[in-house]
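Q: If you want the building blocks of each chain, they are given just below.
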Amino acid sequence: MCVGLSAKVVSIKDQTALIDAGGAQREISSGVLEDLEPGDYVMVHAGVAIAKITSSDEDEANDVMGDLL
Amino acid sequence: MNETMKKARDIITGYNGRPLRIMEVCGTHTHEIFRLGIRKLVPENVDIISGPGCPVCVTAVGFIDEAVWLALEKGCIICTFGDLIKVPGTEMSLAGARAKGAKVRPVYSPLDAVEIAKDNPDEQVVFLAVGFETTTPSACLAVKKALELRLDNFSILTANKTMPNAYNALVGSADAFIYPGHVNAITGNDACIRLCKEKGVSGVVAGFTASELITALAVAINLLQKGEPFFRNCYPRVVKDEGNPAAIALMNEVMEPCDSEWRGLGMIPMSGMKLREEYAEYDSRKKYDMPVITGRPNPACRCGDVLQGKCKPSDCKVFGKVCTPLHPVGACMVSDEGACSAYYQYSGLV
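Residue numbers (my numbering), protein chains in the order written: chain S, 1 to 69; chain R, 1 to 350.
Okay, chain S solo, but in the shape it has when bound (with noise of 0.2 angstroms):
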């Protein structure tokens, strides 16, 4: 139940937002983010995209080691 899922935003209208997950599209609230367009990615959870991704897992890797290390 707890699985997170990256995906991309195709179009967003009246705080419901179509999201694209590796070619599944279905539609989730946007309730809780403001200022979503589509092409953002975002982390959805339960039907409700909860955060927006804002890079690569590989730059923040190279971030976080980059400033703790």
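Read the hints as simulated data drawn from the structure, not as lab findings. Incorrect hints may have been included.
[As the list claims (entries may be wrong)] Straight-line distance between alpha carbons at most 30 angstroms, and here's what the computed DSBU-like set of lysine-lysine pairs gives:
no., chain 1, residue 1, chain 2, residue 2
1, S, K8, R, K197
2, R, K145, S, K52
3, R, K197, S, K52
4, R, K7, R, K197
5, S, K13, R, K7
6, S, K52, R, K144
7, S, K52, R, K100
8, S, K13, R, K40
9, S, K52, R, K317
10, R, K145, S, K13
11, R, K144, S, K13
[Claimed, not checked] Footprint (simulated), chain S over chain R, 3 or more residues, beta carbon under 8 angstroms:
no., region
12, 102–111
13, 182–192
Here a beta-carbon is modelled for each residue, glycine too, at the ideal position from N, C-alpha and C.
Here the structure of chain S is known, so what remains is to put chain R in place on it, guided by the hints.
A: Relative to chain S, chain R alone:
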């Protein structure tokens, strides 16, 4: 493999200091660390233990009994995340109730349960609201949607939990925590930073890809050698220090803190969430005037010890024998995020 990953891997495989216990609090971390083979990278003096981060696993037996009561005594349609269906209650699971004629429907989202209520105006629909801060906003959105649609046949049975007081209960269980990234995506990092500053509890927030888990583990091992308490956000592409303010505001609008029973940890004050009085008509316990139902866990099951890192799943006498994913005795074997399920699937012990 790029240079950063090589460096992180070398920190993990090259560690030869004092024995370390690192607790991954999130059930998805438990599974991904096994599935990706990361445990095979870790030297013998680093013990990775599982914590109480699988919401299905920490749900008390009595909650299943309450759901069975609503299904069989009140005839409600029970909508639930699928992994709750096989969790044993005192007398039976929801799967057992379904065999007796109960209407049990797995859903992906609480909002799907609202749609089921909308499509079935002659039926009463109950959503089983379990989960941490990650999933609680979706339950709150479902209640608000039902209110907007003026549905009088929808309610939720709450067992929502919050992590900060569970962390407090676990202080001393490990040298460092790997914090659940998606809980922090909602809550932000304040609670973890306070734990570090006030109680000297170390931890890193981790994501869920191989790169993210290896990075977080390397950072934790590296900083543990320095001897000072630390907190690091190793999942900044999703987790911001402030979390998700709109989700926090929504939860505070619809729900309020309450004491909550955790399987294995017992009653933890103010570690749960229940509907506020303004939303009482959507509270299944109030709507159906539910009696107090107290569950009795199977005494042979050591899920409680597993959830606190006191033993490994393989230390439990019923693990892999009486208790298997097909015939689970405890919740940790049922859920795909449970530690017993992960050990059963990936450890090669069975």
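Q: Taking beta carbons only, do three or more residues of the region 102–111 of chain R come closer than 8 angstroms to chain S?
A: holds (count 4)
Q: So if I understand the rule, the pair passes when the alpha-carbon distance is 30 angstroms or less; does K197/R with K52/S pass?
A: Holds, because 28 angstroms separates the two Cα atoms, which is no more than 30 angstroms.
Q: Taking 30 angstroms as the top limit, are the C-alpha atoms of K8/S and K197/R close enough?
A: violated, 37 angstroms
Q: Does K52/S pair with K317/R here, judged by a C-alpha cut-off of 30 angstroms?
A: The given pair, whose Cα atoms are some 44 angstroms apart, is violated under the 30 angstroms limit.
Q: Against the 30 angstroms threshold, does the CA-CA distance of K13/S and K7/R hold or violate the hint?
A: violated, 44 angstroms
Q: Closer than 8 angstroms, Cβ to Cβ, for at least three residues: run that test on the region 182–192 of chain R against chain S and report holds or violated.
A: Per the Cβ count (3), the hint holds.
Q: Holds or violated: K144/R and K13/S, Cα atoms, limit 30 angstroms.
A: holds, 18 angstroms
Q: Run the distance test for K145/R versus K13/S: straight-line Cα separation, threshold 30 angstroms.
A: Roughly 16 angstroms between the alpha carbons, so the hint for K145/R and K13/S holds.
Q: CA of K7/R to CA of K197/R, is that 30 angstroms or under?
A: holds, 29 angstroms
Q: Is the Cα-Cα distance between K52/S and K100/R 30 angstroms or less?
A: Distance of about 44 angstroms is beyond 30 angstroms: violated.
Q: Hey, K13/S versus K40/R, does the alpha-carbon distance stay inside 30 angstroms?
A: Violated, because 46 angstroms separates the two Cα atoms, which is more than 30 angstroms.
Q: Starting from K145/R, check that the Cα of K52/S is at most 30 angstroms away, please.
A: holds, 23 angstroms
Going down the numbered hints, you'll see the structure goes against 1, 5, 7, 8, 9, while the others check out.
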